[in-house]
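Visitor: Spelled out from the first residue to the last, the chains are:
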Amino acid sequence: MPAIIETVNITHEAAWLPWAVFYFFFAALAFSAAIISTAWTLLRRPGWKRAARMALLVLLSSAIVAPVALLADLHQPGRFWHFYTHFTPWSWMSWGALFLPLFVALAIVYSWLALTQPKDGRLAWAIRPLAMATLAFALLVALYTGMEVMVVKARPIWNTALLPWAYLFTGLMGAAGLALVVDAFIPGDHATAERKLSKVMGYAALLSLLTLGLWLAEGLTGISDAAARTIAAISGSAYWRMIGLALALSLAVPILGFFIRGLPLAVLGLIAVAAMWAFRWVVFMDGQMIPKTGAGLYAYRLPMGADGLLGIIGIIGLWLAVIIIVTTITGPAPRQGAAQPAE
Amino acid sequence: MDTSRRAFLTGAGALTCGAAAASVGAKAAKAGPQRHGGDPSKRYAMVIDLRRCIGCQACTIACSTENRIPIGEFRTIVSQYDVRDANDPDGAVYSFTLPRLCNHCDNPPCVPVCPVQATFQREDGRVLIDEEVCVGCGYCVQACPYDARFINPVTNTADKCTFCVQRVDAGLLPACVETCTGGARMFGDVKDPESHVSRVLAEAGDEVKVLRPEMKTAPHVYYIGLDTRFQGKVDGAPAMWTKIRESQEA
Ligand code: SF4
Ligand code: SF4
Numbered sequence: 533m534p535a536i537i538e539t540v541n542i543t544h545e546a547a548w549l550p551w552a553v554f555y556f557f558f559a560a561l562a563f564s565a566a567i568i569s570t571a572w573t574l575l576r577r578p579g580w581k582r583a584a585r586m587a588l589l590v591l592l593s594s595a596i597v598a599p600v601a602l603l604a605d606l607h608q609p610g611r612f613w614h615f616y617t618h619f620t621p622w623s624w625m626s627w628g629a630l631f632l633p634l635f636v637a638l639a640i641v642y643s644w645l646a647l648t649q650p651k652d653g654r655l656a657w658a659i660r661p662l663a664m665a666t667l668a669f670a671l672l673v674a675l676y677t678g679m680e681v682m683v684v685k686a687r688p689i690w691n692t693a694l695l696p697w698a699y700l701f702t703g704l705m706g707a708a709g710l711a712l713v714v715d716a717f718i719p720g721d722h723a724t725a726e727r728k729l730s731k732v733m734g735y736a737a738l739l740s741l742l743t744l745g746l747w748l749a750e751g752l753t754g755i756s757d758a759a760a761r762t763i764a765a766i767s768g769s770a771y772w773r774m775i776g777l778a779l780a781l782s783l784a785v786p787i788l789g790f791f792i793r794g795l796p797l798a799v800l801g802l803i804a805v806a807a808m809w810a811f812r813w814v815v816f817m818d819g820q821m822i823p824k825t826g827a828g829l830y831a832y833r834l835p836m837g838a839d840g841l842l843g844i845i846g847i848i849g850l851w852l853a854v855i856i857i858v859t860t861i862t863g864p865a866p867r868q869g870a871a872q873p874a875e
Numbered sequence: 012m013d014t015s016r017r018a019f020l021t022g023a024g025a026l027t028c029g030a031a032a033a034s035v036g037a038k039a040a041k042a043g044p045q046r047h048g049g050d051p052s053k054r055y056a057m058v059i060d061l062r063r064c065i066g067c068q069a070c071t072i073a074c075s076t077e078n079r080i081p082i083g084e085f086r087t088i089v090s091q092y093d094v095r096d097a098n099d100p101d102g103a104v105y106s107f108t109l110p111r112l113c114n115h116c117d118n119p120p121c122v123p124v125c126p127v128q129a130t131f132q133r134e135d136g137r138v139l140i141d142e143e144v145c146v147g148c149g150y151c152v153q154a155c156p157y158d159a160r161f162i163n164p165v166t167n168t169a170d171k172c173t174f175c176v177q178r179v180d181a182g183l184l185p186a187c188v189e190t191c192t193g194g195a196r197m198f199g200d201v202k203d204p205e206s207h208v209s210r211v212l213a214e215a216g217d218e219v220k221v222l223r224p225e226m227k228t229a230p231h232v233y234y235i236g237l238d239t240r241f242q243g244k245v246d247g248a249p250a251m252w253t254k255i256r257e258s259q260e261a
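Sequence lines, in order, name chains A and B. Positions in the first sequence are counted from 1; adding 532 to them yields my numbering. Positions in the second sequence are counted from 1; adding 11 to them yields my numbering.
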């Protein structure tokens, strides 16, 4: 018989909806794909051309979808312009409202130009500066999305300096994974791109696992008070133990490509995308179900409507529609005869 | 100028602009949110003498009625616990009741996160929300260490206790204080040493506690008779959560 039984209290609903999970998911896909593709544009390492093209497709499609999910997470989306009339330099979210539209605009122009390579080479000179600016804003979006959540002391599960790194590493893993999936659907020479992308995916998955391991170690040893408090709150829950194990296993799968030859890399890629998404779901939705003052854990029930299942189906459908349109218009490879910088 | 040099200079330009913007931002960010409105000679606070609380939830109902809170959401609630001596499992069980509300913290973490400055603090210490400005992003709900905020499903903006700003500004007491059956809730100006709350606090001395002092939020809801096991996240078994909206849906 426990010493304390809570007999009357209320469940607090999640203020950040599944939309927030999808915003952080697509934003991380976009900034990670930007890092992969601009690295190629700027460094021109041999063998990366097709891999970078797949990353560009992930960048373009995710950058278009991310702001939709963000707006949907606001309970007053029609007031988004208040972000600009009431700019607040001490709030990370306010900075995000500046960084995100600039990143999205740059990402769309840069990826479109890099994917279509204008016929007469007129704008070829613009691709490199656009890549630099896109990379700069991709890093700023990565920074703000990580910091915005990390600074919330009231939620110990978020309040760790490892969180922005976990977002970055799982983001790179998922973006490379999604690029592998896209690659499987576009005719051409798969082998080289697969090798390069699966390498990024594998190393990023390894770094993600190490980051989670470090967090666990910090919590178990008490080095981090926030991690220790989180573990104390969730360790008694069979659900949390199960999702912890499932997350660790799904993060380990993308690494298998290093050890076992002949594995279907697109399938590993899909698992990597799912693991990246699940990580964000657990951090946001399950994280919000840890009471700040009440006993035990709250229970989350996914609503069926726009703020739940319908919204999830809608946003995934939107991304699918965008990627199909984008790949159809841009074609499998740059136009023949288009001005292209030598590889 | 060859294209790669031009490209480099443009890119470097973009990076420099970004760095400059970031440093200007860092300076502005240091300034932080300023209090505005209200009477700076006052500091409103609540004192709750738990020895007098009978857990009747009259305050919960009075608040919801006065402030027209949608069913299923609460600006204040009295959490209730069955407590027994862990070393004496067959011993008597007693009941502990804990009224919870916004603490109108002196160092409120909900204020600096708000991206549009809809959440702000008055000079008299009350933390309020400008409903016309709030975009409903929920960041303040996350940042409050006391789960005192929620997104109001009718207004779609952040909501929480205001210390009944509309009543207090008209010279009345907050509805929960007015209605408190046991006389446990007291309200007033702690800057005035002669006020009732100041005298009660002075009398109680070391007995006075706040919730989650480790968060360094300087809460201005003071408790007398608070068992330290209830100061933070309660280490106990959840038994009966009410979720009125859910049961209505069902
Ligand atoms: S209790 Fe929460 S909502 Fe109230 S002032 Fe403190 S941090 Fe803000
Ligand atoms: S929900 Fe409203 S008051 Fe709270 S942080 Fe967002 S804009 Fe500010």
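Worth flagging that the hints you see were computed from the coordinates, not collected in a lab. Just so you know, not all the hints are guaranteed correct.
Cut-off 25 Å, straight-line C-alpha distance, at most; resulting in silico cross-link-like pairs (BS3-like, lysine-lysine) [claimed, not checked]:
1) A:Lys731 <-> A:Lys581
2) B:Lys220 <-> A:Lys824
3) B:Lys202 <-> A:Lys685
Visitor: Run every hint past the structure and note whether it holds.
Guide: Verification of the supplied hints:
Between lysine 731 of chain A and lysine 581 of chain A, the direct Cα distance comes to roughly 15 Å. Compliance with the 25 Å bound is thereby established for this hinted pair. Taken as a hint, the lysine 220 of chain B and lysine 824 of chain A pair is honoured in the structure, with Cα atoms around 18 Å apart against an allowance of 25 Å. The suggested pairing of lysine 202 of chain B with lysine 685 of chain A is violated, with an alpha-carbon distance near 29 Å, which exceeds 25 Å.
When held up to the earlier numbered hints, the structure conflicts with hint 3 and nothing else.
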